[in-house]
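Visitor: Listed below are the residues making up each chain.
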Amino acid sequence: MKTVYLRELKLNLKSLIIWSLTVGGLGLSCILMYTSMNSDMKDMADMFSNMGAFSDAFGMSTLSIASLEGFFATEVGVVHGLGSGMFAALCTIGIISKEEERHSGEFLLSLPISRIRVAAAKGLCVLTMLVVFTAVCAVLYVTGFMILNEEISYAEFADFMIKQFLMNLEISAICFLISALSDRIKTGAGLGLAMIFYVYDLIGRVVPDLKDYLFFGPYSYCNASEIFSGEDPCISGIVVSAIVTVACIAAAFIGYNRRDLKS
Amino acid sequence: MTNVIEIEHLTKSYGKARGVIDVSLKVKEGDIFGFLGPNGAGKSTTIRSMLGFLKINEGSIKILGMDSIKDHETILKKVGYMPSEAWFYDSMRVSEVIKYAADVRGLDCTEEAGKLCERLKMDTHKRIKELSLGNRKKVSIVCAMQHRPKIFIFDEPTSGLDPLMQRNFFELINEYVNEGATCLLSTHVLSEVNRYCKNAAIMREGRLTMLESPGIDEDAFLKFYEDEEENS
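Protein sequences appear in the order of chains X and E. Under this note's numbering, read the first sequence as residues 1 to 263, first letter to last. Under this note's numbering, read the second sequence as residues 264 to 495, first letter to last.
Treat the hints with caution; some may be incorrect.
To be verified - Taking lysine-lysine and the DSS-like style, the derived pairs with C-alpha atoms no more than 30 Å apart in a straight line are:
(1) K378/E x K262/X
(2) K392/E x K98/X
(3) K186/X x K318/E
(4) K279/E x K98/X
(5) K186/X x K10/X
(6) K341/E x K461/E
These are computed hints drawn from the structure, not numbers from a lab.
Start from the sequences and build out the full structure, keeping to the hints where you can.
Guide: Here's what the structure looks like:
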């Protein structure tokens, strides 16, 4: 299992470096822009906080973008939320199905390793990548705060990063299930899924009737504006997320173990 | 001689499509067993069921006295399998693929792999994507043989290999069999069965018929193919 895990990590290393540096780098650039935009920000903050549903959707009605926390939550929160969700989907959607699409499954499964252990090694690889991705982004964001020499609540920052990680885990779990049950790499489906979840959350925050159903989506509990404005966490969202994550991973293992290898 | 492969009433279907029907087969230790049959007759389905790639509908398969489902991993430790299509990871070098296979087995097969690569005249520095079918087949042979398994299962092993390599391949099989291994050889090439196999069976439309002797003449052999063509 260790050999398969290490091989998988090596195969995905380039993608991990590119994605974590791109998303983390974009976030860092946004943070560094804060000082240069700070002087013009006060007027903008008043305007942005009075744009009704639009302000609600991006959290600008509860946080002032003139503060670093508000700026981070509304700007970097969006970049990281969308970027990390897409990365989670992309790195997982083909992790198992590529063996069938590229016909290497017959070679792999002829070695003395069960399907359960193959799936476990690949799942562990995804988990490692998500941890490293989150850690690299967090380090880059903290570097930005330190360069600006600005104070930010690190407890809320840690809360945000952990919840984003859990959201990534949920998207990965759904994509892991799709990958385990399909014989094609469904990149479009994986990316589409991440986008749909993000848009669902965005629309849910604008349309009042949808607000009560936000907890179905993985973005419901990791909204940066809610976390940094100290709102109560969306417990129902976290519970649904935990159930979906565990159920998808279990279904992926069971489904993959019962499948015939494609000819 | 004990039976190293025992298949009893194996049935496997793919939804409504026929796979194999009520196949029973015994292969004795030290045998080189020829497994003949037209395309789509069910040879690969039988082999893939033996290796646990497919979930069987009915019947049982025992390899080296072990159940093919319950003892799947233990069986694969003692089996060397060469699929009809030799696919690996394109970006890996030949040496990396061979080492990867040994590492997953938890074995150091450097010496045996080196010997096999020399016999098969392989360039281990090339990447898999640079290899022809014949050279990919050679990688597959090394991966199947380097751990000196008790049973070899080859699915159309010589397609793509040049005549010299075909000869080297059968020399290697004979050497391992002389040391106590057993070989199941699925092939379309009658001359290979006539020359190297001690026993043989032929599959048609998912059913297996044991041959009295592997020394079957070409007309009788082609009759099986014609029958399959007519019925398909």
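Visitor: For every hint, state whether the structure bears it out.
Guide: The hints, checked one at a time:
Under the criterion of a C-alpha separation no larger than 30 Å, the hint pairing K378/E with K262/X is inconsistent with the structure, at around 33 Å. For the given pair, K392/E sits about 16 Å from K98/X by alpha-carbon distance, which is consistent with the 30 Å threshold. Restraint check: the Cα-Cα separation between K186/X and K318/E comes to about 25 Å, which is no more than 30 Å; the hinted pair holds. At roughly 27 Å between alpha-carbon atoms, K279/E and K98/X fall within 30 Å of each other, so this suggested pair holds.
Using a Cα cut-off of 30 Å, the hinted pair K186/X and K10/X holds, with the two alpha carbons roughly 21 Å apart. The hinted pair formed by K341/E and K461/E meets the criterion: a straight-line CA distance of about 22 Å does not exceed 30 Å.
Hint 1 from the earlier list is the only one contradicted by this structure; the remaining hints agree with it.
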